[in-house]
Each structure stands twice: as structure tokens, then as C-alpha cells.
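> Sequence:
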Amino acid sequence: MFIKEVTKKNKGYDKTFVYHQLVESYRTEKGPRQRKLLNLGKLTIPKDQWKTLANRIEEIISGQTSLIEVDEQIEQLAQRYASLLIQNKLKQEKVEKKESPQETETIFTGSVKFRDARSIGGEYISLMMLRKLKFNELLKKLGFKEKDIKLAELLIVGRLVHPSSEWATLRWVKKQSAIDELLELDLSRLSHNKLYRITDQLLEHKDKIENGLVEQERLLFSLQEKIILYDLTNTYFESSRTSELKARGRSKDKRHDMPLVTLGLVLDEDGFPKESRLFSGNVSEPETLSKILDTIGGKVRKLIILDAGIATEENLQLITKRGHDYLVVSRSKPEIEIEENAFKEINHDQRHKVEAYLYRKDKELYLYCRSASRQKKEEAIRQFHQQRFEAELKYAAESLHKKRGTKKYPKVLERIGRIKERHAKVAYFYDITVEHHNGIVTEISWKIKDEQKMDDRFSGTYYLRTSRLDLTDREIWQLYISLTDVEDGFRSLKSELGLRPNFHQKDKRIEGHIFISILAFHVLISLQKQLHDAGVYHRWTTIRELLSVQQRVSVEMKTQKGDLLVIRDTTEPEAIHYLMAQAFKIKPKPLGMKKIRI
1 MFIKEVTKKN KGYDKTFVYH QLVESYRTEK GPRQRKLLNL GKLTIPKDQW
51 KTLANRIEEI ISGQTSLIEV DEQIEQLAQR YASLLIQNKL KQEKVEKKES
101 PQETETIFTG SVKFRDARSI GGEYISLMML RKLKFNELLK KLGFKEKDIK
151 LAELLIVGRL VHPSSEWATL RWVKKQSAID ELLELDLSRL SHNKLYRITD
201 QLLEHKDKIE NGLVEQERLL FSLQEKIILY DLTNTYFESS RTSELKARGR
251 SKDKRHDMPL VTLGLVLDED GFPKESRLFS GNVSEPETLS KILDTIGGKV
301 RKLIILDAGI ATEENLQLIT KRGHDYLVVS RSKPEIEIEE NAFKEINHDQ
351 RHKVEAYLYR KDKELYLYCR SASRQKKEEA IRQFHQQRFE AELKYAAESL
401 HKKRGTKKYP KVLERIGRIK ERHAKVAYFY DITVEHHNGI VTEISWKIKD
451 EQKMDDRFSG TYYLRTSRLD LTDREIWQLY ISLTDVEDGF RSLKSELGLR
501 PNFHQKDKRI EGHIFISILA FHVLISLQKQ LHDAGVYHRW TTIRELLSVQ
551 QRVSVEMKTQ KGDLLVIRDT TEPEAIHYLM AQAFKIKPKP LGMKKIRI
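According to full-length UniProt numbering, the sequence shown is numbered sequentially starting from 1.
Simulated from the structure, these hints should not be mistaken for laboratory data.
Even for Gly, the Cβ is constructed at its ideal location relative to N, Cα and C.
One thing to keep in mind: the hints can contain errors.
[To be verified] Between beta-carbon pairs, the in silico distance windows are:
no., residue 1, residue 2, range
1, G31, K113, 31 to 41 Å
2, S290, T442, 46 to 56 Å
3, I338, H401, 19 to 29 Å
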């Protein structure tokens, strides 16, 4: 072995690039030839040490001990390049399909080394589910090349197993995961720009890909799709720059200092996503419904469940006009007197006791619900905000009499506005009076406008309203509670599937990043459905952590014959892997053994 310096100059570019290769000579019928073993990048050590480095690499891969003490820097480089060389040789080997006959080998136990441990448990389950949804076949029909299909699978599996940015995904691929072995793909030269290009390709076929997954899920899990749940959330960006898509609005994560993007998500009664839409961060929630109704269609009458923020009178009329029914949280409290003994218990478990009163008004049913646990929670929220709100107002009032306190009328109004924004849940119920003279504030006073209205707001009661006249009180409440599936989906997207953090600046990159999370959500819901059918109800975060203990590991050992034997195999499955294998009808131990002798 020896090291060779290579210079390269790209066409139309003046700069010359220098890099180094590890090369070996071999004889042929036509004379001696050279073959490249490994790209070393650009070496910084002196040229007179190249041969020492090459010799040391050869000693390591042949299992020999160096007779001459080498410099620490040379030793570290040699160990690194020897490891890469062994990895490359293993990649060229095929997995042994059948167990070879029992072989005996005498080895030196002191020579045993374990290298290149890479996680494979979570990747394996995720990839198997993705292929069960026939995602690869779908992309093939759309004209994707075989390698690009595998890179698309990598992006989605990465978002499930290691949710992060494309830069961090690239690091995970190269340093932490055995996804390359599962995909049978050399990812050593993969760049984040290539991942961006694959994301762009997927985005170009967004509607067809989503429709294809929806159709496969419908067939795979016999979904009814008679109920549609629709809600919106927004996510913030680690940037202050706004764009056509990123805009400042009311953040549901209380991050009013950051620009937002709004995501609309449509689910069926089983929690499977049907449609996703991106809107600007300052979009009016009620205005988004008409675009969603266009995709739902009107061939089959569906029950559409909405939260109060979208359930305007105009939207309810629009739903009816499109031939569908609705079930919503009423935005206003109907004027009706209800006797105490008229309430009926519709739910009672360890956490919640819900009582309700059902009545009809014109062509609608109303369900007046009350919950002691909800009342307790809302009362705690009220006390928190009310105490903080009044304390901040008091502090602002006291500042008027301090030497450096805020006294100018415009500044005081601005300060009160920020206080009201921080405690918007209770600020609406207060009248605040600011007295001033010649532009200087002299007094700040406040009082609650209507104590009864405030009590009603935090009473733990709510009204459900539906155009379906055939539903019972219990059915209405249970259908409304299913809206929590959408909220749970949003939580999964944000926490488990890497919707945040998002550092992108360009709208196209934002759309691509979020679309990968939506595709991962399709896989996640399918995984959970199959696990629920098998009686497993852990969250994906827990399952992912438990699965990660299964690794691909290389074991090196020096034999009595003087050879270096290298075996790469998957660690033995544990209880969780057998459980997953049973639920998904797959092998508990992915891939097989690779073996080389040097």
C-alpha cells in the first residue's frame, strides 16, 4: 500500500484541488497496475510520513502489531482509515442468506474489537411499515428513479426515528444509523443538497402522493371515512425574517416573537390523515374551511367536526350547502333555562365525570355539557391569569409615582397593551381606565365588567351543536371528544416528527420540511393502528427508544492462522423486538451476517 497525491481542476474554475488516495499495486498479464482502496481527503502530515501511515494502515487491517512506535497523530489517522477500509470491504460483501455450517476458529481473545455500532431497530420497523403502505411502488409509478425512491424512504424514516433538520438527518445517516444497510445504498457521498432535491421532487407530486397513501390506508385498514375532523395549528420558526408563507400572527405555542406558518389537517374517525394544507401564519382560521371542503367532495354525506374557532355561521351554512353535516363547539351560549335534575350523566371514568342536557332548537341539536374536572382546571387557569394580570397592572400603577417609572401616556398605553396580550384569557373581562394630564398619566384603575360572564367563561361548561338529528347525547359527546385525535396528531407532528425546530428561510424549503413530517405522520398512524390491534398502546417516543438498543455491530478478531476475521451482524432481539415482529409479521432480527477475512 502507498499514498498517492491527486490534483484536480474543474472546467471553467481556476482553483486547483489537491486530495490523497490510498492505493495498492497488483500484477496482471499486461504488467503491474494500481487500484484505489480509499479516498483519504487532504492530508496535512508531511510527505515523508505518508509511507509510515500506509504501512500502519496495512498492519491494522491484517491484525499485526507495529514493531516501531509511531507518532500519535499517525496512529489515530491509521485507525480511522483502517476502519473505513474495513467498512467498505464489508459493504461489498453480500449478506449470508442461509446459516453456514458450524465452523470452528481459534482466535486471540485480546484481539477482539467491536466497531461501527449503528442503530437499526427503529429504522427497520419504520421502513417495513412504509413499504407496507406501498410508498416505493407509488413513487415508481410517478417516475422516480430507484435511488431517489430509497432516498425518499430515508427522509421519512429519518423523520420518524431521528426527527431533526436535513443537516442533522445527514449526520444521523452517516454516523449513527444503519439505514444505508437496510436500503442497500452507499450513502458516503450523500449531501444535504441531494436531500433537498428529493424533498422538492416529493413536493411536486404532493397531492398524488397523499391520495395514494390515503387509498392504501383505506384498503389496508378498512377505513369507513364517514366522519371528518378538521383543525389548524401553527408552528414558529427560529428566524425573524418573514415571507409570503411566514407571517406574524397569534401563536398557539405562545411564541409571538417569531413568524408562523399555519397547518390545516383533516383526519378521519380513526385518526388517519386525509388532507394537509399550509397557510400563512396570519391566516383567518374560518376562511380556510372552503378550501378543505373542495377536497372532501360531496358524493358521500359526511359529518364534519370543527372547533369553535372555525365554526362561524357562514361556515356552518357552507357545510350544509355542500351536502354535509356538522358537529361543532358553539361560539355563543344559547339562552335557555335548565333545571338541575334535567342533566344526565354521559361519561364517568377515573378522570372525568361529564353531565349533559340535550335539546332541539329548530333544525339543530344542542348538547349542554358540564364537567367538574374541567371546571377545576379552568378555575386554576383563571386564578393564575387574574392574579398575574392584576399584579402587573398594580406594578404599572405604582410606577407612576417612582422617579424612573413609565409615566408618558403613549408609553403607558403600550405597556398596558402588552399586559393584556400576555393575559388575554381574562383581560377581555376588565375595564381599564387611564387618567392623564398634559400627556402624563396620573392614575390607572381597573374593574371587572361583568362578574357573571367571567364565571360562566371558566365554569367548565360548553355547548355542542350539530345538524345530525339522529344522534344521542352520548354519541354527540364522544364524537366531539374525537377531535382530540387532531390535537394529538399536532402534538406528534411537533414533538415526535420534527415539525420543530424549523430553521428554513425559503417558502419552498418550509413546505418540503413540513411535507416530510406529514408523510412520516401517515407511517406513524399506521404503525399505531397495527400496534393497537395487537394490544400495544405505548407512544411512538417510547417505542422508538426501546427499539434503538438493536444495533448493527462489526467484530474484529485475529485468528491463530494470522488472518483478521471481521463479522458484521445485528445484535440479538429483545422482548420489544419480538413484540414488534409479532405485530407486524416480520423477522425480529433484520439483515443477516456479513463476513470477510483479511
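> What hint numbers does the structure not satisfy?
3
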